[in-house]
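Residue numbers (our numbering), protein chains in the order written: chain L, 1 to 405; chain U, 1001 to 1125; chain X, 2001 to 2090.
Read the hints as simulated data drawn from the structure, not as lab findings.
Just so you know, these numbers come straight off a predicted model, no measurement behind them.
A few of these clues could be false.
Unchecked claim - Label pairs and their in silico Cβ distance ranges:
#, chain 1, residue 1, chain 2, residue 2, range
1, L, Val88, U, Asp1087, 25 to 33 angstroms
2, L, Leu5, X, Arg2005, 51 to 59 angstroms
3, U, Lys1065, L, Phe259, 55 to 63 angstroms
4, X, Glu2034, U, Asp1016, 22 to 30 angstroms
To be verified - Which residues of chain L face chain U? A partial, calculated answer using Cβ under 8 angstroms:
#, residue
5, Lys64
6, Glu73
7, Ile81
8, Phe84
9, Phe300
10, Pro310
11, Lys311
12, Ala317
Unchecked claim - Subject to a maximum C-alpha distance of 25 angstroms in a straight line, what follows is the list of computed DSS-like cross-link-like pairs (lysine-lysine):
#, chain 1, residue 1, chain 2, residue 2
13, L, Lys311, U, Lys1091
14, U, Lys1115, L, Lys312
15, L, Lys311, U, Lys1106
16, L, Lys64, L, Lys212
17, U, Lys1106, U, Lys1081
Glycine included, C-beta positions come from ideal geometry on N, C-alpha and C.
Residue strings, one per chain:
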Amino acid sequence: MKKGLQLFLGILTAIGGFFDIGNLVTAAQAGATFRFQLLWALALGTIIVIFLVEMSGRFAAVTKKSIPTGVREHFGVRVWIAPFAILVLLHFLTLAAELGGIAFALQLVTGISFQIWVLPVGVLVWLFLWRATFDAIEYSTATLGLIALCFVVAAFMYHPPRSDVLSGLLPSLPKQDGAKYWLYAVSIIGALIAPYMFYFYSSGAVEDEWDKSYLMVNRIVSITGMSFGAVITAAVIIMTGLVLHPLDIGVDSINQAAFVLTGAFPFWGFLLFAASMGIACTGAAAEVGLSLAYSTAQTFGWNWGESLEPKKDARFALTYTVAIVLAMLLMMLGIDPLKLTIYTMALNAMVLPIVSIPFLMLMNDGRLMREFTNGIFTNAATAIIVLISFVLFVVSIPLVIMGSG
Amino acid sequence: MHLFRELLDKQIEDRDDERMGRVDAIGVELRPGAPPRVVDIELGGVSIAARLHPRLEALAMRLHKKLGVRRSARYHIPWEKILDVNDDRVKVDVCADDTPAMDWEKWLRRHVIGKIPGASTEEEE
Amino acid sequence: MTGRRFYIHELIGRLVHDQAGQHVGRIFDVRAEERDGEMQIVEYYLGTAAALQRVGLSLLRVVGVHRLEPKTVPWDKLDLTDPARPVLID
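In isolation and in its complexed conformation, chain L is listed as follows (with noise of 0.2 angstroms):
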């Protein structure tokens, strides 16, 4: 029974929980630049990411280690420092993305600068954090998120030629813009990838204590949450394509991606859209916050659970804490929240190496794996993952520094 509930509500949280910001924006360009010429991008980094979380489900439930925990037991300090590093680096920036995500929302319901907006979303998100347990953050960001299925109905009520849809999904070069097409190619995956989901998903199943008898569990979860979730991602570009790419205008601001689904529903679809991004981003912007403070807390042993009280807990309380104000700040500066959301994605897949590797070498310890470690299929599958990071890491490099072109 329990079992049973914990499936249902995983894929719940997978499917409705992990579609953010990134996904969000990253699925706006593309669809709105490309049409559906990037479908491929995402199907290769929801397979990835399938990859990624199931191994971190199973490896908590085998081992009732996080990651951090994990590498920096097996490597030492000294190996675990610089992907901890990077990885609070892109917590933080995913960070203010997602509060800059939610702000967005609101500036399109009600004409006032996102800039103002991320003074009280920040509180609130603050707030949650503050009070809630973790079970209790878990579920309502992840039933709060099917919210953003309606982009999925929206999309089928425009009856988009499904040929091309599909041949979308087979890799393609561009016929110009070469320079954009990668670099958005590549944050869509990083949008998939973001580090944040796997270190949440892992120390979410320590925290609610798995075990080996939850493997069947996680692995379902992995692989049919992810896959709902990437349909909503789809859903996304299949609209834009549709709705803005013949119009020729790309996507500069979010404002322009908001009137996708009001050809599908034209009294609401504007509010809609704002209340699913708004939805999506909060939640997103609570697990990106405990994830942070989850990791570092595991890195330094300090204690750490978000059902304790914040007193009980104090450095980890603080580390969320401080990490909202400082998003909120960069926020409040002025960035555009498009631009960052990009480029943090893109950050995302070219560090996917070195925060993984790691990761990746443990699962394959039978000292720590036992008899679970990754079969030779997983490996295979783990090796070309490795492969295609290592390739997103020099090619996005230089795309990152070029800039969007």
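Chains U and X: place on chain L using the hints.
Frame of chain L, contents of chains U and X only:
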């Protein structure tokens, strides 16, 4: 016991299972004519910094002195205080709250986190 | 404490030479045992490959190569007068 693989960087828990830090360093005594022996385990930001780079160590030490929150930069737990070592943790016979390992935690509780409304459902002691 | 104090992490990854000055390998772990109420160092593990052999081995295992036997050196065969330059005594 393999000191690098099984002891260094492990989670330390006090006698009440309270997490108090990690084994940031292992101190060994070199003796003429007898095998070297493990004297203590250390925890603290300075101990971590020392493992990364001597410059970082100096910086961490300066910071430690300037802030003056923690009683000692490197907190040593003598080997005699170690109760048990397993895959998940090193259990030590101390009370975390009385040690320098928790100085920062307690300082933050008192001066920062505890000052924010809603930090605790219990009344201030 | 009568003897000189040093840290285990100072040894990890250290290159060991023999008395003739030849490279023997790098220390990648240290084994200790409880004896006479103390935790005494019994032996050192030397790898012939890279500094962080454990990291390397895990990587090799990913592609299916299994553990190479490490070289073990008893405590009294390693001169740690200068922990930065351990010397193997024959």
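A quick look at each hint next to the structure:
Restraint check, Val88(L) to Asp1087(U): a C-beta distance of roughly 27 angstroms satisfies the suggested window 25 to 33 angstroms. At roughly 54 angstroms, the beta carbons of Leu5(L) and Arg2005(X) sit within the given window of 51 to 59 angstroms. Checked against the hint of 55 to 63 angstroms, the pair Lys1065(U) and Phe259(L) passes, with Cβ atoms roughly 59 angstroms apart. Evaluation of the 22 to 30 angstroms hint for Glu2034(X) and Asp1016(U) yields a pass: the beta carbon distance comes to about 25 angstroms.
At its closest, the beta carbon of Lys64(L) sits 7 angstroms from a beta carbon of chain U; the interface hint therefore holds under the 8 angstroms criterion. The interface hint given for Glu73(L) holds, since its Cβ lies 5 angstroms from the closest Cβ of chain U, which is under the 8 angstroms cut-off. The interface hint given for Ile81(L) holds, since its Cβ lies 6 angstroms from the closest Cβ of chain U, which is under the 8 angstroms cut-off. Annotation: Phe84(L) was flagged as interfacial toward chain U, and the flag is violated, the nearest CB pair being 11 angstroms apart, outside 8 angstroms.
Given the 8 angstroms rule on beta carbons, the hint for Phe300(L) holds: about 7 angstroms separates it from the nearest Cβ of chain U. Annotation: Pro310(L) was flagged as interfacial toward chain U, and the flag holds, the nearest CB pair being 5 angstroms apart, inside 8 angstroms. For Lys311(L), the shortest C-beta to C-beta distance to chain U is roughly 4 angstroms, which falls under 8 angstroms, so the interface hint holds. Taking 8 angstroms as the C-beta contact cut-off toward chain U, the hint placing Ala317(L) at the interface holds, the least distance being around 5 angstroms.
About 24 angstroms separates the Cα atoms of Lys311(L) and Lys1091(U), which keeps this hinted pair within 25 angstroms; it holds. Between Lys1115(U) and Lys312(L) the alpha-carbon distance is near 13 angstroms, which keeps this suggested pair within the 25 angstroms criterion. A distance of roughly 9 angstroms separates the Cα atoms of Lys311(L) and Lys1106(U); the hinted pair therefore holds under the 25 angstroms criterion. Proximity of Lys64(L) to Lys212(L) is assessed by CA-CA distance (about 9 angstroms); at most 25 angstroms being required, the pair is judged to hold.
About 23 angstroms separates the Cα atoms of Lys1106(U) and Lys1081(U), which keeps this hinted pair within 25 angstroms; it holds.
Of the numbered hints listed earlier, the single one contradicted by the structure is hint 8.
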